[in-house]
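Asks: Sequence:
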Amino acid sequence: MIYYLQLILNGIIAGSIYALFAVGLTMVYGVFRFINFAHGELIAWGAYLALLFTQTLFTLPIYYAVLPALALTVVIGLAQERYVYRPLRHGNRITLLIASIGLSYLLRNAIRIIWGSDLMTYGLRPMRGIAFAGLSITPTQVSMMVAAVFFLASLYFILTRTMLGKSLRAVADNMELAAIMGINMKQVSFTVWVLASVFAGVGGILLALDTNLEPIMGLTNLIKAFAAVLLGGAGNVWGALLGGLCIGISENLGVAFVSPGYKDFISFAIIILVLLFRPKGLFGVLRGIR
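In case it helps, my numbering puts the sequence shown at residues 264 to 553.
Everything labelled a hint here was simulated from the structure, so no lab data went into it.
Here the structure is a predicted model, which means the values were calculated and not measured.
Every residue, glycine too, gets a C-beta built ideally from N, C-alpha and C.
A few of these clues could be false.
Unchecked claim - Using C-beta positions, here's what the derived DEER-type ranges look like:
hint : residue 1 : residue 2 : range
1    : 341       : 365       : 33 to 43 Å
2    : 265       : 365       : 40 to 50 Å
3    : 375       : 453       : 23 to 33 Å
When you get a sec, could you build the whole thing from the sequences and use the hints?
Replies: Given below as structure tokens:
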């Protein structure tokens, strides 16, 4: 019994990170109605930029390196929108899709050129796990959970307690009507891309704290974010959050029955099952964000 409870705990920790990925992805879809395949590379760039500031000329502690890393990740996200997606936004959706796939390849290979293809880490000291009720959790995992809860709670506050959040929800419901009502579309667009980039970057850094950095980490976790978005209903922020938790728990419980090498298969299986039997997701809505 303790074994399965430990797997569920590990799944909640992983799921909270997947939720960060999925929330950023579904916010862009909820407002602009297209899937950003380059979102995964924001995850990887956030992690690698934090590595940059802990090494070379900077040698900052990881908790100081997070801020400049996130700032540069936001710059990359805004550059995506300004120079790639905005000129194509009013064209064919397929064009946007192909552009995002091409941008994903470009950013992924830029990481390989700068840092190489080898696995890398932040070089943190291993820490003894904290034992409670027969379960174990490391201080790093506790930090991951606290950070994820903080950012998700901040998003809840923004969306439900601020005029900017109400503007985001209005635009997600009906962009044309929101523009007629005088909502500043440039401000909404800027905010969506900043939030999506920050959540991707934070998730990438938190994930790298507990695992490794590799150029393909963005693509791997993009699949899990897709699964979470589809499970929660495309465009539904809170559905994506719950979907991320479900993916994390499902993956870790699956280890009890299949080899850990097949862990990522679970996300693909969930994508296929949801598309076959519940295309709108478990919490699907006609419009986005909520």
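Asks: For a quick check of understanding: which of the numbered hints are violated here, in increasing order?
Replies: 1
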